[in-house]
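Below are the chains, spelled out letter by letter.
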Amino acid sequence: MSEQLRVLDELEKEEYESVPVPFQKLGFWVFLGGEIIILGGIVASAILFRLSYPGWFKSSEHTNVVIASINTMVLLTGSLTAVLAHKFATIRQWGKVQLFLGLTALCGFTFIGIKFIEYSREIHHGFLPSSGIFWMFYYGITGLHGLHVLAGSLIILGVMLFLRKKKLVEAVENAGLYWHFVDIVWLYIFPLFYLT
Amino acid sequence: MLPQDISQHGYLVDRVIKLSIWGIVVVGIVSFFIMFYILYKFRRTKNPFPLSDVPSGLKKVIFIDYVMIIFDLILLFMSTWAWFFFFVRPVEKIKKEVQEKGEKFVEVRVIGRQFFWTVEYPGRDGVFGTQDDFKLGNLLVVPEGYNVFVKLTSGDVLHSFFIPNARIKYDVIPGRETHLWFKPAKVGKYEIACAELCGAMHYRMKGYLVVLKEQDYKMWLDSAPFSEISFDYLDDDKIKFVKGGEVR
Amino acid sequence: MKVGERHEIEVRNHEHHHPPYVTIYFILVFLTFASILISQIVHRQKAPAYVFTISTVKALLIALFYMHLKYEGRWVLAFAIIPLIIFALVLFALMPDVVPYQKM
Amino acid sequence: MSEAVASAGVIHHEETFLRKYLFSTDHKTIGKQYLITGIAMAILGGTLAILFRINLAHPGFLTNEQYNTFVTYHGAIMFFWVAMPILLGGFGNILIPLMIGARDMAFPTLNMFSYWVFFVSSVILIISFFVPGGAFSGGWTVYPPLSADPGRYLGANLGTVLFLLALALEFASMLMGGVNFITTVLTMRAKGLTLMRLPIFVWMEIVASLLFLFSVAPLIAGAIMLLLDIILGTHFFRVEAGKVGDPVLWQHLFWFFGHPEVYVILFPALGILFEVITTYSRRPVFSYKLVVYATIAAGILSFLVWAHHQFVAGINPLSAIAFSITTILISIPFSMTLVVMGLTFAGGSIRFTPAMLFAIFAFLMFIIGGLSGLPLGAVGSDIYFHDTYFVVAHFHYTVFTIAVLSTIAGIYHWFPKMFGRKINETFGKIHAWLTFIFYNGFAFPGFFLGLAGHPRRYYSALEFGYLQKYQWVHELMTVSAVLLLTTQVVFLFVFFYSIFAGAEEKSPNPWKSTTLEWLAPSPPPHLNWGSFAPVVERGPYEYAKNGKDIDYLPQGKLVKLKQPVSGHEH
Numbered sequence: 001m002s003e004q005l006r007v008l009d010e011l012e013k014e015e016y017e018s019v020p021v022p023f024q025k026l027g028f029w030v031f032l033g034g035e036i037i038i039l040g041g042i043v044a045s046a047i048l049f050r051l052s053y054p055g056w057f058k059s060s061e062h063t064n065v066v067i068a069s070i071n072t073m074v075l076l077t078g079s080l081t082a083v084l085a086h087k088f089a090t091i092r093q094w095g096k097v098q099l100f101l102g103l104t105a106l107c108g109f110t111f112i113g114i115k116f117i118e119y120s121r122e123i124h125h126g127f128l129p130s131s132g133i134f135w136m137f138y139y140g141i142t143g144l145h146g147l148h149v150l151a152g153s154l155i156i157l158g159v160m161l162f163l164r165k166k167k168l169v170e171a172v173e174n175a176g177l178y179w180h181f182v183d184i185v186w187l188y189i190f191p192l193f194y195l196t
Numbered sequence: 001m002l003p004q005d006i007s008q009h010g011y012l013v014d015r016v017i018k019l020s021i022w023g024i025v026v027v028g029i030v031s032f033f034i035m036f037y038i039l040y041k042f043r044r045t046k047n048p049f050p051l052s053d054v055p056s057g058l059k060k061v062i063f064i065d066y067v068m069i070i071f072d073l074i075l076l077f078m079s080t081w082a083w084f085f086f087f088v089r090p091v092e093k094i095k096k097e098v099q100e101k102g103e104k105f106v107e108v109r110v111i112g113r114q115f116f117w118t119v120e121y122p123g124r125d126g127v128f129g130t131q132d133d134f135k136l137g138n139l140l141v142v143p144e145g146y147n148v149f150v151k152l153t154s155g156d157v158l159h160s161f162f163i164p165n166a167r168i169k170y171d172v173i174p175g176r177e178t179h180l181w182f183k184p185a186k187v188g189k190y191e192i193a194c195a196e197l198c199g200a201m202h203y204r205m206k207g208y209l210v211v212l213k214e215q216d217y218k219m220w221l222d223s224a225p226f227s228e229i230s231f232d233y234l235d236d237d238k239i240k241f242v243k244g245g246e247v248r
Numbered sequence: 001m002k003v004g005e006r007h008e009i010e011v012r013n014h015e016h017h018h019p020p021y022v023t024i025y026f027i028l029v030f031l032t033f034a035s036i037l038i039s040q041i042v043h044r045q046k047a048p049a050y051v052f053t054i055s056t057v058k059a060l061l062i063a064l065f066y067m068h069l070k071y072e073g074r075w076v077l078a079f080a081i082i083p084l085i086i087f088a089l090v091l092f093a094l095m096p097d098v099v100p101y102q103k104m
Numbered sequence: 001m002s003e004a005v006a007s008a009g010v011i012h013h014e015e016t017f018l019r020k021y022l023f024s025t026d027h028k029t030i031g032k033q034y035l036i037t038g039i040a041m042a043i044l045g046g047t048l049a050i051l052f053r054i055n056l057a058h059p060g061f062l063t064n065e066q067y068n069t070f071v072t073y074h075g076a077i078m079f080f081w082v083a084m085p086i087l088l089g090g091f092g093n094i095l096i097p098l099m100i101g102a103r104d105m106a107f108p109t110l111n112m113f114s115y116w117v118f119f120v121s122s123v124i125l126i127i128s129f130f131v132p133g134g135a136f137s138g139g140w141t142v143y144p145p146l147s148a149d150p151g152r153y154l155g156a157n158l159g160t161v162l163f164l165l166a167l168a169l170e171f172a173s174m175l176m177g178g179v180n181f182i183t184t185v186l187t188m189r190a191k192g193l194t195l196m197r198l199p200i201f202v203w204m205e206i207v208a209s210l211l212f213l214f215s216v217a218p219l220i221a222g223a224i225m226l227l228l229d230i231i232l233g234t235h236f237f238r239v240e241a242g243k244v245g246d247p248v249l250w251q252h253l254f255w256f257f258g259h260p261e262v263y264v265i266l267f268p269a270l271g272i273l274f275e276v277i278t279t280y281s282r283r284p285v286f287s288y289k290l291v292v293y294a295t296i297a298a299g300i301l302s303f304l305v306w307a308h309h310q311f312v313a314g315i316n317p318l319s320a321i322a323f324s325i326t327t328i329l330i331s332i333p334f335s336m337t338l339v340v341m342g343l344t345f346a347g348g349s350i351r352f353t354p355a356m357l358f359a360i361f362a363f364l365m366f367i368i369g370g371l372s373g374l375p376l377g378a379v380g381s382d383i384y385f386h387d388t389y390f391v392v393a394h395f396h397y398t399v400f401t402i403a404v405l406s407t408i409a410g411i412y413h414w415f416p417k418m419f420g421r422k423i424n425e426t427f428g429k430i431h432a433w434l435t436f437i438f439y440n441g442f443a444f445p446g447f448f449l450g451l452a453g454h455p456r457r458y459y460s461a462l463e464f465g466y467l468q469k470y471q472w473v474h475e476l477m478t479v480s481a482v483l484l485l486t487t488q489v490v491f492l493f494v495f496f497y498s499i500f501a502g503a504e505e506k507s508p509n510p511w512k513s514t515t516l517e518w519l520a521p522s523p524p525p526h527l528n529w530g531s532f533a534p535v536v537e538r539g540p541y542e543y544a545k546n547g548k549d550i551d552y553l554p555q556g557k558l559v560k561l562k563q564p565v566s567g568h569e570h
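Residue numbers (our numbering), protein chains in the order written: chain A, 1 to 196; chain B, 1 to 248; chain C, 1 to 104; chain D, 1 to 570.
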């Protein structure tokens, strides 16, 4: 030990061995990996039941394609604004970043609002979670997805608000990543419950 | 240790059990002895300084892996054989083979409910859906030497239909129909257990398997309504019957 | 090299290839309408195949360009792909056990 | 050396008690919090076990609802609230940053958050025990329909919901921990610490975290569906007139998680054993590469074996054969790991310290546990052994070894590093021997009960004629179990006594071990390395270089930093 102290040479500052990814991004992708399977698991169950349940078509005709299409558009637009926000973050135009983040969050809340209208219509028509295979998966999955949208919007809102203090490109990017992930999930929910 | 094997094909399972148990006992004892040898030989007091290399004799210990692999392969082969025999062949196929061989068979339905088994018999004509069908609670009476096909369904939760003496067990699942097939080869009265946690009285969910000589079985079928039954080869004197299967 | 510095470099790399986000957006919109249209026209037995293929294309567009997976190294890709493998594993391993028993 | 670091100005930002001990973001404090909480839950789980074991010896001691509840909670607690928090949360948090030469986790706040989520989950679990309607009593595997309609089948609706909620929160906290571990090890290793120079313990923690991350998600999905079943009356897993769900789907989702879960706690335990054994037998690991590759292979295989818990549960018989094959296959990497572990003793000069004794016993018990898995993995014999006491004995030989023997070995080994004090050696040796004897006394007879066809989770063996003659075995097991728990309680007293009043440990490296954590002063200060930074020069296990016991080469050395470090920086 002591002779080690004697041979000590000096370092300018501390450095780490690391894989070539910023740790925030890596950590977030690890988390996303888990998220993918959480939603994947319930979607897989839906697919399994759908393959064996001929009545799926009939039930899925009761869902409203128009509203759902509008919602798809809303989510896609949110994705665009989110990614633009990240673009402007990389070139340090924080004003625009905040603007686009705000738009994204707005899209999120619009989506949830529309979703509520949709739910109320279906419940009014007497389709409850407990009224059939299709409906329990419909409410289970879209509900879970809705929660994710809510979470994503709140994250983006938070990033937008706290951006003023510390300007973090990673934060903007990660929030965007989450949003895109939720968007991709919807891209599969939409045909599963509305189109086919 | 194993309870007496009363089914014609139980030996298939027993063979796998014995092979695996003896195999792991031997491998375990060998590796324990090697370990004790190592621990004793290289203890601090005797061997104050570590060697810079492992004695080549000990390096051969890796052969345990090959032993494991070979043992695994044999085990796999035999166990898959047994499994194939009992469960892989669809029950209709087995039934056809049995008929071709000219063997006799009976069919029963077993419905598991908290916390009792209801056994449905097709009656004398051997077909379900006729009015001579009847139900008994917790009691499965079968003739000796017949092939017994059991249809398992559940009325509420998961159960598991387990006849230790026949070396068979299968889960009883609501919404599905599972099958068992065995061939009792020894008269007597044996126990049926539930091997899947099904609630508070799980440990009391007990049925009886009664294997009768063929003519006794016929006589018993004719002697409806069944009040009770007694044959000298059944260990306890009398077995009471309850119709409708609502016994607790 | 410190994470922060590495990030600066990343940023510079990013500026080089910012894909045409808006164009991609319009492609996505178009595909969405296409899938809706197909689902209305094509026979309902065949429709799912087309529609889900289109969804996959859209998903790929978003993942590759909006989520920058096109530009990521293997460490990030691993955490994006392994879950999909597991999803497929669950799906196909459960098919023989779950599907045949749903008697409606 | 320790004085050197202590004197070299660590930036002491004055912390309030709350900040320092309760809501600390210091990985060591969080690790200790996990450790203590886990130990507290272990006492609870052990007490439950003793209670229902007494009932098995003398039926009527509990009501049968109580019995089922205790069995359920014993299983769940020991898996999720003892083994995981201690091995991942506790040892992982304390050791990973020290072993890789980082100053803290990558996301310290997330780390603190994960502990508090875990704490809340344990509180909810304990609350769920006392709610009206009773606690959940459907077995720790939560099989529906028993759990999907608990109000009807168990009369414990609220209890079940809370139980599931607690589980979900526990998973969430462990997920946060896992994200932290993976990110930290991948991005914050000390200079020169390549992946193939990581201590095996770190490797094991990483593989375990990855397994958990990827396996738990389907179960979370399943848990959501199950909660919907209970609350909204859907029928994902329930079967009633006109409502056809699928109970087997849950079993798949559960065991897809459940089997990797076993390895999630097994791997860190093996890692601890490797650290302990190399240190006290003064030998390098017989084949570092083989262990790492075997671990990864086992990790991958562990995603392909889950259905061996359901051979007779109505799954497709052909896929049952496939799963049987993979199950037997997975015994090969583990047999390799164990052989390597055994050969690590060979040629050393073995010091039988308490940690080493526990490690040796754990190693021997792993052999029994692993081998006894074969009859269960072989589908033919599993027809008979499924859900019998053979299973119980098997997983007690593995899981008890993991959660108790290996853990205590780790505690004895790293106690000086964690608290800067010693535990009495003589006591430790007695503790090890008593634990070993009583443990086998209560676990081994299970194999015979299993051979006799004794089903699991039976309130009493006296109901069945063919089991009555084995009642004495139950009594033997109960006596040993009681003695076992008593031993551990005594140990806990000594443990807490030594934390506060044990003999001071002066040297930072009392066991002359090589890995990085022994370069830090014990207990390490906030930010671990003061104004130094560790630089790694060689692999982790450089013992017995030229046949002299004293000279071992530490994995790295401490290098003075020109710029003093303050706060978490990356």
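Just so you know, these hints were derived from the structure itself, not from any lab. Mixed in with the good hints, there may be bad ones.
Computed list of lysine-lysine pairs in DSS-like fashion (alpha-carbon distance at most 25 Å, straight line) [what the hints assert, rightly or not]:
# : chain 1 : residue 1 : chain 2 : residue 2
1 : B       : Lys186    : D       : Lys469
2 : B       : Lys60     : D       : Lys545
3 : B       : Lys18     : B       : Lys186
Here the structure is a predicted model, which means the values were calculated and not measured.
Consistency of the hints with the structure:
1. At most 25 Å may separate the alpha-carbon atoms for a hinted pair to count; Lys186/B and Lys469/D meet this at roughly 22 Å.
2. For a cut-off of 25 Å, the pair hint linking Lys60/B to Lys545/D stands: about 23 Å separates their Cα positions.
3. For the suggested pair Lys18/B and Lys186/B, the alpha carbons sit about 22 Å apart, so the restraint of at most 25 Å is met.
In summary, the structure agrees with every hint in the numbered list given earlier.
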